[in-house]
Amino acid sequence: MLAQEETLALDPAAAWALAGLAAVLLLVVGRELRQVPGKLLVLMAAAFLDMVGLFMVLPILPFYVQQLGGDGVTLFGWPLGEGALTGLVVTSFTVAQLLSAPWWGRFSDRFGRRPALMVALTASSAAFLLFGFAESLSLLVLSRIVQGAGGGTVGVIQAYVADAVPPEQRAKALGWLSAATNLGVAFGPVLGSAAIAFGRLDLSPADGEQALGRSAPGVLAAALCAINVLFAWRFLPESGETKPAHKPATTPGAAVRLVLAQPRLPASRLILTYAIAIGAAQGVNPTLVLFLGARFGVTEHTIGWYFMYIGALSVLARTLLLGRAVDALGEARLSRVGIVLLAAGLAAIPATGSLIGLAAATALLPVGMALTFPCVTALLSKVVPKDERGMYMGLQQTFGGVARLVAPLAYGLAYDHLGQGAPFWLAGTIVFATLGLRAGGQLPVSTLR
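So for the sequence shown, the working numbering puts the first residue at 5; every next one is plus one.
Take these hints with a grain of salt, some might be off.
What the hints assert, rightly or not - Distance windows between CB atoms, simulated:
1. A298 <-> R114: 44 to 52 Å
2. A437 <-> L31: 36 to 44 Å
3. E242 <-> A332: 30 to 38 Å
4. R337 <-> S140: 46 to 54 Å
5. A364 <-> R337: 21 to 29 Å
It should be emphasised that the hints constitute simulated quantities derived from the structure, not laboratory data.
Just so it is clear, the structure is predicted and the values come from calculations on it, not from any experiment.
Note that beta-carbon positions come from the ideal geometry of N, C-alpha and C, so glycine has one too.
Could you put together the complete structure from these sequences and hints?
Right, here's the structure in full:
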């Protein structure tokens, strides 16, 4: 482990750098928002508030697992260490999300995007309360399941954007939406760490201590989510897309079978590319928290600064870089550039031994994701039927969820048994391998431009 003065907790240079980055971030976002259509501004605000609440609790989840799980548990005769146990808790969210995503998409195709989002936000508020007051691993897992069931609407949000903007502007619009969510990623963890400190305060004016304690992040996230429900109900309009007069022939189950049976179809290849890459990139996050704690002395009080750094760079990449790069290279070529950057960043993290090296390697992750995933989603919106757009974008999230289901467990086991660097080398290799998936077969030129 590094000397104490080189940890993220006490390094004043790192603190000043993050403060400067936050200032630049706010200036850039304020300037770029003038280019965003009004309807998308409301959706972005709702997505931002939702992501703030989610990332108030997500980075501290591994520490809660450590507290409730102790030295580990035995599941069906198999001992699970802290890495695998953390992966299991995180995976419970993904299971619920992958099962619900295509059905949320089908619901929104038939009844509208707005009702689907309202129900999901309400479920998130209940899940945060359950998280805050969980006193056992089973309740912690249940909170993640409820959160995941409400979190299956990512495809609905993406379909809302695709409904509201012309095809040539979709990658940029999805980038704006991603910028809003990543702004929540930047500020949510810091608020979560602050909520832990708030939980220690005595809230009772009378004798005797009354404090929220460890439940504070969950309670405050639930309150924020409830505010978001009211905001969306008041200000978020329907996307305006005409709903089909008849029930589309393709069901979620049939669409799943089509992707698996004909992986060379344009929609199938885009869905598989997205799923494999995002599973590898995001599935490593739980073990990343453990890695940072072991090598850099990061704790539940300081992990928020690291995620704020990633979130800030994600916003900057999506607002300053993505639109210009799409115009210059096109969505397909740009997604391949993003994959290379993402793979390189993952593989470089375990080779770092200083904060400067960590910052440089980490910077490749948000830039790579910013250039990859909005472009792949925009391409998918162009190659599927309009009246099935929500379902297919939900299906994309389901396949991504399957990858995120397997990845945290695999990376947790690799962390426990192969060493601290193994999860990152494995993830980088998997992400890079998706270039071969994109290169093979015949994909019509019209879907690449």
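Going through the hints against the structure:
Checked against the hint of 44 to 52 Å, the C-beta distance between A298 and R114 comes to roughly 49 Å, which is consistent with it. The hinted window of 36 to 44 Å between A437 and L31 holds, with their beta carbons roughly 38 Å apart. Checked against the hint of 30 to 38 Å, the C-beta distance between E242 and A332 comes to roughly 34 Å, which is consistent with it. For the hinted restraint 46 to 54 Å between R337 and S140, the CB-CB distance of approximately 50 Å keeps it satisfied.
Between A364 and R337 the C-beta distance comes to about 25 Å, which sits within the given range of 21 to 29 Å.
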